[in-house]
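**Q** Chain by chain, the residues run as shown.
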Amino acid sequence: MQKSNLLHQVQCRSQIFCIRFNAEVKSFCIRFIGKGDFMHALFKDKKTIFLLVFPGLLVFLYAVFLPIVLSGYFGMTEWSGIGKPVFIGLENFKNLIFNDSTFITSLRNSLVLGLALICIQHPLCLGAAIMIDKIGGKLEKVFRAIFFIPCVISVIVTSKMWVQIYDSQYGLLNKILDMFHLGFLKQEWLANPKLVLGSLFVIIMWQGFGWGMLIYYAGIKGISEDVYEAAQIDGAGAAQVFKSITFPLLKPVIKINITLAMISAFKQMEVIYLTTNGGPGNASQFIANYLYIKAFNSYQYGYGNAISILFVIVCIFVTIILNKIIKKDVIEY
Amino acid sequence: MKKFKKIGINKKKLDLIKIILIVVAVIFSIGQLFPLVWLVDFSLNKTGDLFGANILKWPNPPQFQNYKTAWVDGKIFLYLINSVIVNVASVGLTILLSVMMSYAFVRMEWKLNKAVYGFVLLGLMIPIHATLLPNFLSFKAIGIDDSYLALILPYVAFSMPMAIFILAGFMESVPKSIEEAAVIDGCGILRIVFTIIFPIVKPAIVTVLILTFLSTWNEFIMAATYISSDAFRTLPFAVYNFAGQYASNYAVQFAVMTLVALPSLIIYIILNEQITKGVTAGALKG
Chain A
548 MQKSNLLHQV
558 QCRSQIFCIR
568 FNAEVKSFCI
578 RFIGKGDFMH
588 ALFKDKKTIF
598 LLVFPGLLVF
608 LYAVFLPIVL
618 SGYFGMTEWS
628 GIGKPVFIGL
638 ENFKNLIFND
648 STFITSLRNS
658 LVLGLALICI
668 QHPLCLGAAI
678 MIDKIGGKLE
688 KVFRAIFFIP
698 CVISVIVTSK
708 MWVQIYDSQY
718 GLLNKILDMF
728 HLGFLKQEWL
738 ANPKLVLGSL
748 FVIIMWQGFG
758 WGMLIYYAGI
768 KGISEDVYEA
778 AQIDGAGAAQ
788 VFKSITFPLL
798 KPVIKINITL
808 AMISAFKQME
818 VIYLTTNGGP
828 GNASQFIANY
838 LYIKAFNSYQ
848 YGYGNAISIL
858 FVIVCIFVTI
868 ILNKIIKKDV
878 IEY
Chain B
2 MKKFKKIGIN
12 KKKLDLIKII
22 LIVVAVIFSI
32 GQLFPLVWLV
42 DFSLNKTGDL
52 FGANILKWPN
62 PPQFQNYKTA
72 WVDGKIFLYL
82 INSVIVNVAS
92 VGLTILLSVM
102 MSYAFVRMEW
112 KLNKAVYGFV
122 LLGLMIPIHA
132 TLLPNFLSFK
142 AIGIDDSYLA
152 LILPYVAFSM
162 PMAIFILAGF
172 MESVPKSIEE
182 AAVIDGCGIL
192 RIVFTIIFPI
202 VKPAIVTVLI
212 LTFLSTWNEF
222 IMAATYISSD
232 AFRTLPFAVY
242 NFAGQYASNY
252 AVQFAVMTLV
262 ALPSLIIYII
272 LNEQITKGVT
282 AGALKG
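Protein chains in written order, with the working numbering: chain A, 548 to 880; chain B, 2 to 287.
Think of the hints as simulated: they come from the structure by calculation, not from any bench.
Fair warning: there could be bad hints in the mix.
To be verified - Heads up, simulated EDC-like pairs for lysine to aspartate or glutamate below, C-alpha to C-alpha not over 16 Å straight-line:
{"id": "1", "chain 1": "A", "residue 1": "K685", "chain 2": "B", "residue 2": "E173"}
{"id": "2", "chain 1": "A", "residue 1": "K594", "chain 2": "B", "residue 2": "E110"}
{"id": "3", "chain 1": "B", "residue 1": "K115", "chain 2": "B", "residue 2": "E173"}
{"id": "4", "chain 1": "A", "residue 1": "K688", "chain 2": "B", "residue 2": "E274"}
{"id": "5", "chain 1": "A", "residue 1": "K591", "chain 2": "B", "residue 2": "E274"}
{"id": "6", "chain 1": "A", "residue 1": "K722", "chain 2": "B", "residue 2": "D50"}
{"id": "7", "chain 1": "B", "residue 1": "K19", "chain 2": "A", "residue 2": "E687"}
{"id": "8", "chain 1": "A", "residue 1": "K681", "chain 2": "B", "residue 2": "D16"}
{"id": "9", "chain 1": "B", "residue 1": "K19", "chain 2": "A", "residue 2": "D680"}
Stated by the list, open to error - Pairwise CB distance ranges, derived in the manner of DEER restraints:
{"id": "10", "chain 1": "A", "residue 1": "L724", "chain 2": "B", "residue 2": "L15", "range": "15 to 25 Å"}
{"id": "11", "chain 1": "B", "residue 1": "A54", "chain 2": "A", "residue 2": "I792", "range": "43 to 53 Å"}
{"id": "12", "chain 1": "A", "residue 1": "K641", "chain 2": "B", "residue 2": "E181", "range": "53 to 63 Å"}
{"id": "13", "chain 1": "B", "residue 1": "V73", "chain 2": "A", "residue 2": "E687", "range": "52 to 62 Å"}
{"id": "14", "chain 1": "B", "residue 1": "S249", "chain 2": "A", "residue 2": "I723", "range": "19 to 29 Å"}
{"id": "15", "chain 1": "B", "residue 1": "G189", "chain 2": "A", "residue 2": "A777", "range": "48 to 58 Å"}
{"id": "16", "chain 1": "A", "residue 1": "E735", "chain 2": "B", "residue 2": "W59", "range": "22 to 32 Å"}
{"id": "17", "chain 1": "A", "residue 1": "G628", "chain 2": "B", "residue 2": "F65", "range": "19 to 29 Å"}
{"id": "18", "chain 1": "A", "residue 1": "Q734", "chain 2": "B", "residue 2": "F65", "range": "48 to 58 Å"}
{"id": "19", "chain 1": "A", "residue 1": "I635", "chain 2": "B", "residue 2": "E181", "range": "58 to 68 Å"}
{"id": "20", "chain 1": "A", "residue 1": "A783", "chain 2": "B", "residue 2": "F65", "range": "51 to 61 Å"}
None of these values were measured; they are calculated from a predicted model.
Backbone N, C-alpha and C define an ideal beta-carbon position, used for all residues, glycine too.
With the sequences and hints as input, model every part of the structure.
**A** Below is the structure:
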């Protein structure tokens, strides 16, 4: 009993001594080497840096970087998933760019979707954001919450729900048209190659509406009240306030949103996959969905990987171009 | 006197504008909510009722057995547990690894600092869909396909660039003096990160948590690609599963969809304020 007690005391003392000694050494270092240098040494410690960076970097390298490298290799092969991949050089890429009309259709669809989001969805988002800001009070929060609800629901639920809404037999949309005696407008919304893109865009806009609105809303909240008050005192009308205050001050936010819209249009897949799967024919095909079909339905692994690589290049290209445009304008302000 | 009157007129006019705005907002709200109301309504009716002329039908009596079938045959409970496991692990790991890496990028001095930071941020531009096929192959090759890990790894990897971007931005605004004091008191870097930095960057962590949760909870395409056995499937899959099995039983399908949508909806209603803040903070940074 006593012995262990003694041992404990000794341990405590030695610990205290160690801490003191450590502090002593440090203060010595700081005094003689200088505070900056000591910190410098500590923040330069290779082992610590390795411990901090390595685990995260490993996960990133394995799940994001390695697949791109693998795609680069498999993209230059012909492979059905069984047996050995046959190396064919840049053949796949050549075929994709020059002979594959579906790939070009997919790119065009993405571009059209991006433009539709920017020209139709975003003005609505901006309008709604201004609207609920003007309404104010408790209702403001209620509307804000309601607009965002579709964004928190899984895309599989909303997509499958819209498939039912568009159904030609029992779908909600055709029933509503009947209700207003507009039965002649009834359509097979997802089966008509001329309408399918529009129908899909409605789903995508409906689901993404709240997200875009919320970003504009945050931008509007960032504009100082004083500016508006000053304008009111000067007797500016609502249209004038929008034109010369809200819109210019929101420009950075609008640009962020437009970039996000264009990128999301190129990355669009889930809604397509869960509704038309690119059909009818390839009328509503998008790059990501096309690569999925090639890989997992037709087992053209080599070709699918080549699409992956071009897909990454397109996405990086679009982001860089949009960023360039934005950066230029931000400097102007 | 005159001034007063003018303000009075202005106020009346303002009220009228406000009423118009509210009416328009209500129309928008109906547009956003009515499809969901329709879904829930017919999940409580019989399948046959869907073919009637009415766009809504008061469920009389409500067909709760639709939900019972959905819950049992849709394996909602199993999938829900899987979703929770995958999400807690993904969000937790994302935050832990991102805080550590961000600290190294912001505070530590090393040669490749900027290069590695830029490299990780490049991940923001890479579409997940481009990695589906190669990851499917590489997961299979090392035998982690069809496991929780097959979801957690890519979820963490794809959440990290955004998380690091937000966290590093926040850390840069934290004054260095606290850490310097801690160093003089004999605190090591790792202890600084875990006991001092974590509490300080909490607001940024909440943003990361919300953004990561929203994207991984509803994620579907990776789950559909990497997972092939029921034991590891996540919640969104219940809907997919059901569409084939109960192809003509629409009411039960609607009930499954409602059940799948419910957890995130409940969380949104409870944490509305934080989620709104998180999304806007994340978006404006990104």
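**Q** Are the hints correct? Go through all of them and say.
**A** Against the structure, the hints come out as follows:
1. A:K685 <-> B:E173: Measuring from Cα to Cα gives roughly 36 Å; hence the hint is violated.
2. A:K594 <-> B:E110: Given pair A:K594, B:E110 holds - Cα atoms ~12 Å apart, limit 16 Å.
3. B:K115 <-> B:E173: holds (14 Å)
4. A:K688 <-> B:E274: holds (9 Å)
5. A:K591 <-> B:E274: violated (41 Å)
6. A:K722 <-> B:D50: Between A:K722 and B:D50 the Cα gap is close to 13 Å, so the pair holds against 16 Å.
7. B:K19 <-> A:E687: holds (11 Å)
8. A:K681 <-> B:D16: holds (11 Å)
9. B:K19 <-> A:D680: OK: B:K19 and A:D680 at ~11 Å, within 16 Å.
10. A:L724 <-> B:L15: 15 to 25 Å: violated (38 Å)
11. B:A54 <-> A:I792: 43 to 53 Å: Because 50 Å falls inside the window, the suggested range holds.
12. A:K641 <-> B:E181: 53 to 63 Å: holds (59 Å)
13. B:V73 <-> A:E687: 52 to 62 Å: Since B:V73 and A:E687 have Cβ atoms about 42 Å apart, the given range 52 to 62 Å is violated.
14. B:S249 <-> A:I723: 19 to 29 Å: holds (23 Å)
15. B:G189 <-> A:A777: 48 to 58 Å: Roughly 53 Å apart at Cβ, these two residues keep to the hinted range, so it holds.
16. A:E735 <-> B:W59: 22 to 32 Å: Holds - the Cβ-Cβ distance for A:E735 and B:W59, about 29 Å, lies within 22 to 32 Å.
17. A:G628 <-> B:F65: 19 to 29 Å: violated (46 Å)
18. A:Q734 <-> B:F65: 48 to 58 Å: With a Cβ separation near 35 Å, A:Q734 and B:F65 fall outside 48 to 58 Å, so the hint is violated.
19. A:I635 <-> B:E181: 58 to 68 Å: holds (59 Å)
20. A:A783 <-> B:F65: 51 to 61 Å: The hinted range 51 to 61 Å holds for A:A783 and B:F65, with Cβ atoms some 57 Å apart.
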